[in-house]
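Student: Using the sequences plus the hints, can you model the full thing?
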Amino acid sequence: MRFVLRRLGFFALTLWAALTLNFLLPRLMPGNPALAMLAKFHGELTPQSLKALEILFGVQTHASLASQYVSYLHQMVTFNFGISLTQYPATVSSVVGSAIWWTLGLVGLTTVLAFVLGTGLGIVAAWRRGGWLDSLLPPVFVIASAVPYFWVAMVLVLVFGISLHWLPYVGGFNVITDTPAFSPGFIGDVLSHAILPAFSLLITTIGTWILTMRNTMITTLAEDYVRMARAKGLPGRRIMLDYAARNAILPNLTGFAMSLGFVVSGAILIEYVFNYPGVGFQLLQAVEGEDYPLMQALFLLITLAVLVAILIADVATALLDPRTRAAR
Amino acid sequence: MSEVLEVSGLSVDYLLDRGDVRAVDDVSFTLDRGEFLGIVGESGCGKSTLLFAVAQLLAPPARIAAGSVRFQGTNLVGLTDGQLSAIRWRDMSVVMQSAMNALNPVKSIGAQFKDAMKAHGKPTAEQIAARSAEVLKMVGIDPVHLGSYPHQLSGGMRQRSMIAMAMLFTPDLVIMDEPTSALDVVAQRSLMVQIRELQLRLGFAVIFVTHDMSLISHFSDRLMVMYAGQVDELGATRTVFDRPLHPYTEGLLEAFPSIRGPRVPLKGIPGNPPDLARLPAGCRFHPRCPYAEQRCAQVAPDLFDLDQALVRCLRRQDGSLN
Amino acid sequence: MSVPLSVAPLDTGRVPATHALARMGRAIRSNRKATAGTVLIVFFILVALFPGVIARDNPSLDAYKPKLGLSAAHLLGTTAYGQDMFAQLVWGTRNVMIIAFTVGLATTAIAVLIGVAAAYLGGLWDASLNVLTDVLLVIPLFPLLIVIAAYARNGGTLVLILVITATSWSYTARQLRSQALTLRSRDFLEAARVRGERKLYVIVMEVIPTMTSLIVASFLTNALYAVLFASSLQFIGLGDPNTVSWGTMLYWAQNNAALQTGQPLWAIAPGACIAALGAAFALLNYAFDEIGNPALRPVRRSKRVRSA
Numbered sequence: 000m001r002f003v004l005r006r007l008g009f010f011a012l013t014l015w016a017a018l019t020l021n022f023l024l025p026r027l028m029p030g031n032p033a034l035a036m037l038a039k040f041h042g043e044l045t046p047q048s049l050k051a052l053e054i055l056f057g058v059q060t061h062a063s064l065a066s067q068y069v070s071y072l073h074q075m076v077t078f079n080f081g082i083s084l085t086q087y088p089a090t091v092s093s094v095v096g097s098a099i100w101w102t103l104g105l106v107g108l109t110t111v112l113a114f115v116l117g118t119g120l121g122i123v124a125a126w127r128r129g130g131w132l133d134s135l136l137p138p139v140f141v142i143a144s145a146v147p148y149f150w151v152a153m154v155l156v157l158v159f160g161i162s163l164h165w166l167p168y169v170g171g172f173n174v175i176t177d178t179p180a181f182s183p184g185f186i187g188d189v190l191s192h193a194i195l196p197a198f199s200l201l202i203t204t205i206g207t208w209i210l211t212m213r214n215t216m217i218t219t220l221a222e223d224y225v226r227m228a229r230a231k232g233l234p235g236r237r238i239m240l241d242y243a244a245r246n247a248i249l250p251n252l253t254g255f256a257m258s259l260g261f262v263v264s265g266a267i268l269i270e271y272v273f274n275y276p277g278v279g280f281q282l283l284q285a286v287e288g289e290d291y292p293l294m295q296a297l298f299l300l301i302t303l304a305v306l307v308a309i310l311i312a313d314v315a316t317a318l319l320d321p322r323t324r325a326a327r
Numbered sequence: 000m001s002e003v004l005e006v007s008g009l010s011v012d013y014l015l016d017r018g019d020v021r022a023v024d025d026v027s028f029t030l031d032r033g034e035f036l037g038i039v040g041e042s043g044c045g046k047s048t049l050l051f052a053v054a055q056l057l058a059p060p061a062r063i064a065a066g067s068v069r070f071q072g073t074n075l076v077g078l079t080d081g082q083l084s085a086i087r088w089r090d091m092s093v094v095m096q097s098a099m100n101a102l103n104p105v106k107s108i109g110a111q112f113k114d115a116m117k118a119h120g121k122p123t124a125e126q127i128a129a130r131s132a133e134v135l136k137m138v139g140i141d142p143v144h145l146g147s148y149p150h151q152l153s154g155g156m157r158q159r160s161m162i163a164m165a166m167l168f169t170p171d172l173v174i175m176d177e178p179t180s181a182l183d184v185v186a187q188r189s190l191m192v193q194i195r196e197l198q199l200r201l202g203f204a205v206i207f208v209t210h211d212m213s214l215i216s217h218f219s220d221r222l223m224v225m226y227a228g229q230v231d232e233l234g235a236t237r238t239v240f241d242r243p244l245h246p247y248t249e250g251l252l253e254a255f256p257s258i259r260g261p262r263v264p265l266k267g268i269p270g271n272p273p274d275l276a277r278l279p280a281g282c283r284f285h286p287r288c289p290y291a292e293q294r295c296a297q298v299a300p301d302l303f304d305l306d307q308a309l310v311r312c313l314r315r316q317d318g319s320l321n
Numbered sequence: 000m001s002v003p004l005s006v007a008p009l010d011t012g013r014v015p016a017t018h019a020l021a022r023m024g025r026a027i028r029s030n031r032k033a034t035a036g037t038v039l040i041v042f043f044i045l046v047a048l049f050p051g052v053i054a055r056d057n058p059s060l061d062a063y064k065p066k067l068g069l070s071a072a073h074l075l076g077t078t079a080y081g082q083d084m085f086a087q088l089v090w091g092t093r094n095v096m097i098i099a100f101t102v103g104l105a106t107t108a109i110a111v112l113i114g115v116a117a118a119y120l121g122g123l124w125d126a127s128l129n130v131l132t133d134v135l136l137v138i139p140l141f142p143l144l145i146v147i148a149a150y151a152r153n154g155g156t157l158v159l160i161l162v163i164t165a166t167s168w169s170y171t172a173r174q175l176r177s178q179a180l181t182l183r184s185r186d187f188l189e190a191a192r193v194r195g196e197r198k199l200y201v202i203v204m205e206v207i208p209t210m211t212s213l214i215v216a217s218f219l220t221n222a223l224y225a226v227l228f229a230s231s232l233q234f235i236g237l238g239d240p241n242t243v244s245w246g247t248m249l250y251w252a253q254n255n256a257a258l259q260t261g262q263p264l265w266a267i268a269p270g271a272c273i274a275a276l277g278a279a280f281a282l283l284n285y286a287f288d289e290i291g292n293p294a295l296r297p298v299r300r301s302k303r304v305r306s307a
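Protein chains in written order, with numbering that gives the first Met the number 0: chain A, 0 to 327; chain B, 0 to 321; chain C, 0 to 307.
For the record, the hints were derived by calculation from the structure and aren't laboratory data. Hints are not guaranteed to be accurate.
Listed below are several chain A residues computed to face chain C (Cβ distance under 8 Å; list not exhaustive) [to be verified]:
{"no.": "1", "residue": "I142"}
{"no.": "2", "residue": "P147"}
{"no.": "3", "residue": "I161"}
{"no.": "4", "residue": "L163"}
{"no.": "5", "residue": "H164"}
{"no.": "6", "residue": "F298"}
In this text, a Cβ means the ideal position worked out from N, Cα and C, and glycines have one as well.
Tutor: So this is what it looks like as structure tokens:
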């Protein structure tokens with residue numbers, strides 16, 4: 000229990016750090032970038048929106064830094080992110096709200112799939128040490144991990160989208176012919192548009208899971224308790240899963256949390272290449288259009304999502320490892 | 000058949016990048032029903048490797064290069080894990096050095112007893128609970144600890160629960176790899192007494208590996224001294240202690256102080272055990288031997304039966320050492 | 000927070016730096032992956048140092064007919080702006096290598112400083128540095144980089160270098176701290192302390208040389224991520240699009256819908272180079288893992304003696 004509380008504390012601390020970073024960054028940059036942004040959008044904004052933006056970015060106010068900070072925090076906590084400048088008059092919250100489902104679907108599902116598949120393959124590769132899987136994997140995935148995510152996506156687009164015309168490669172669905180509805184036609188369209196982006200994300204992220212699981216399994220298999228399990232005459236599968244994998248996966252869960260940062264990077268770039276209407280794509284559009292309120296909100300959302308995932312991984316570790324539960 | 004184990008010409012190699020290294024060289028011995036055999040030697044002499052080889056628990060890069068291990072008549076070498084599972088734990092069990100490492104950290108003690116029992120037959124839940132409690136009581140642990148995890152028990156309790164686990168099927172042979180080394184002196188003695196008592200009560204044979212000669216001398220029937228992968232002396236414990244034949248054994252005995260005897264200056268054995276990849280010519284012990292002669296550096300001695308014991312020494316063989 | 004997954008090489012005792020490097024040299028020659036990686040990196044370094052030798056044309060000059068295909072005059076054809084693609088690729092190597100090595104070295108230096116300091120100063124220092132490291136570790140780096148770079152608005156390569164260095168030291172700092180902690184109680188350090196050596200001396204002259212292999216591995220990791228992050232940022236337009244680099248080539252290719260308009264090489268070629276350089280760093284790093292942890296090395300498949 001104390002372990003979980005400690006993690007929650009860390010979670011809160013990091014969230015606060017991200018919020019503060021968000022607050023300080025535009026103010027620290029030489030020549031407050033918000034000034035340029037405001038000049039650009041000046042004519043289109045209502046006085047309230049202008050005021051809100053000024054608070055967010057600390058422009059033209061005579062309020063002290065401390066009071067700006069307080070108002071900023073207040074805005075953040077009440078989810079008042081303001082109006083999106085590039086998608087005026089939509090609020091930031093609504094833009095984020097619609098984009099989030101696309102990303103959750105694509106990235107969320109693919110990551111879970113990659114983790115499960117990757118871990119499974121890693122276990123088997125280590126168990127059958129020296130087999131074809133074990134010898135092939137390390138070099139292949141070492142190289143795969145160094146390949147930029149977006150390049151893989153581009154190659155897939157080139158081969159399957161442009162040359163072979165097998166799969167669509169732009170957007171979340173065909174905006175010209177379809178309107179969002181719960182019809183099988185629409186769903187089918189969504190799925191076909193998701194295949195290439197999902198596949199790109201899968202092949203670029205699965206390598207890490209496989210490799211790290213394999214490596215921890217190999218170390219675990221050398222442990223005395225695995226030898227002991229063999230001595231007891233336990234069936235092979237039980238040793239592999241109950242004794243080896245159960246223990247090997249623990250450091251992997253922590254590693255999972257660490258790798259999330261990279262999964263997120265990959266997701267952003269892949270959404271960009273495929274124009275997939277998720278959170279990452281919106282973030283890059285916002286950057287391009289100097290729509291800082293939207294950009295900030297998306298950054299915070301992504302950070303929050305990663306923190307939540309890490310918290311879940313920590314809780315899972317606590318559940319699986321009796322030693323953590325007992326630790327102070 | 001009174002023989003529970005017959006090891007013949009067993010050799011174990013480690014397949015390393017720089018070449019194969021023979022860690023156990025042509026070891027042979029037999030073990031009778033209910034006999035307690037102690038194996039002593041310095042670190043790296045191959046005793047643990049020998050033990051794992053007998054139990055068929057070696058892992059790459061180690062492998063049995065030659066010889067046979069006949070357990071109750073059947074040669075275990077070359078059998079698959081599937082074929083071995085019938086005798087594993089039922090007839091032959093293992094106790095390892097560090098219970099903290101040998102027990103699965105994420106499973107409770109009871110769960111680890113249970114999966115051993117379920118691997119051999121189809122016991123009911125009551126049978127499992129009953130037997131688990133019974134073996135724990137045998138080693139003096141309250142059965143309430145069946146629900147505990149290894150890290151929740153003290154070192155001594157962990158070690159004893161490992162021994163309890165080894166008793167689950169009252170096997171004919173229990174192999175122990177330095178089970179007392181991680182304990183303090185008092186716990187060591189109490190554990191040894193417990194093991195000996197169980198052995199006398201239940202009648203199983205024991206192979207007990209240790210580097211602590213004085214400890215084992217009070218409990219074992221026969222003693223085997225290993226050096227650099229070979230057996231240098233093998234005989235009844237009392238005999239080996241009272242009249243050590245091999246210079247190495249003599250050196251080992253003189254290195255241990257006696258609490259009650261007269262004060263004698265301690266003598267260590269000069270030098271270090273050899274690198275198994277670069278063994279000295281002739282007798283492996285000769286560089287450190289106070290009685291070595293010219294020929295000891297040229298001729299490698301075989302094990303010689305000297306009535307009271309087996310010894311590997313040229314000078315003992317021809318009686319020139321007394 | 001528990002230690003991140005790492006199979007970092009652990010030294011068994013005191014190892015002077017020169018000795019460690021010599022051992023590494025031998026290890027590189029015997030391990031195939033290491034040799035391949037080293038050869039690739041050396042190749043790229045040479046190209047970065049002497050681009051004029053290989054590519055005659057000025058990469059920025061848009062003097063040629065646009066969208067030409069492969070030919071003897073233009074080994075990879077020309078871009079939509081009439082620039083020679085091969086020249087761009089070759090000259091772009093310099094920008095990438097500069098980023099890789101500067102960020103790699105700077106980040107590793109910071110990581111060593113913070114990791115070792117945290118391990119040795121202990122107490123409040125350790126706790127605060129740890130919290131700082133952990134927070135930075137957990138905040139997703141790429142979005143943070145995007146936000147900072149967006150505010151900096153096309154600051155160019157220097158900004159990229161600064162920004163990436165400032166944010167990506169935490170992972171390797173953690174690894175270095177772990178190893179420094181295990182070394183703290185090693186015998187040879189006790190001996191140094193007993194001799195009366197000052198803490199700083201012990202740290203610089205004894206501890207850090209022993210950590211040489213982990214430090215080198217950290218450098219490789221950091222260089223790899225520098226290349227990937229930098230080219231990703233350039234790809235989305237946050238580096239200076241007018242510099243010649245692989246990432247900026249990709250930016251222009253994407254902007255001109257290169258894939259769809261039949262100019263696939265514009266996108267594929269720079270991407271392949273990034274992949275190759277990245278692979279070189281990754282191979283070397285993996286080889287180091289194997290060298291440090293023999294259990295991971297390829298297993299010799301002897302005849303099926305079930306090793307029983």
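Student: Check each numbered hint against the structure and report the violated ones by number, ascending.
Tutor: 4, 5
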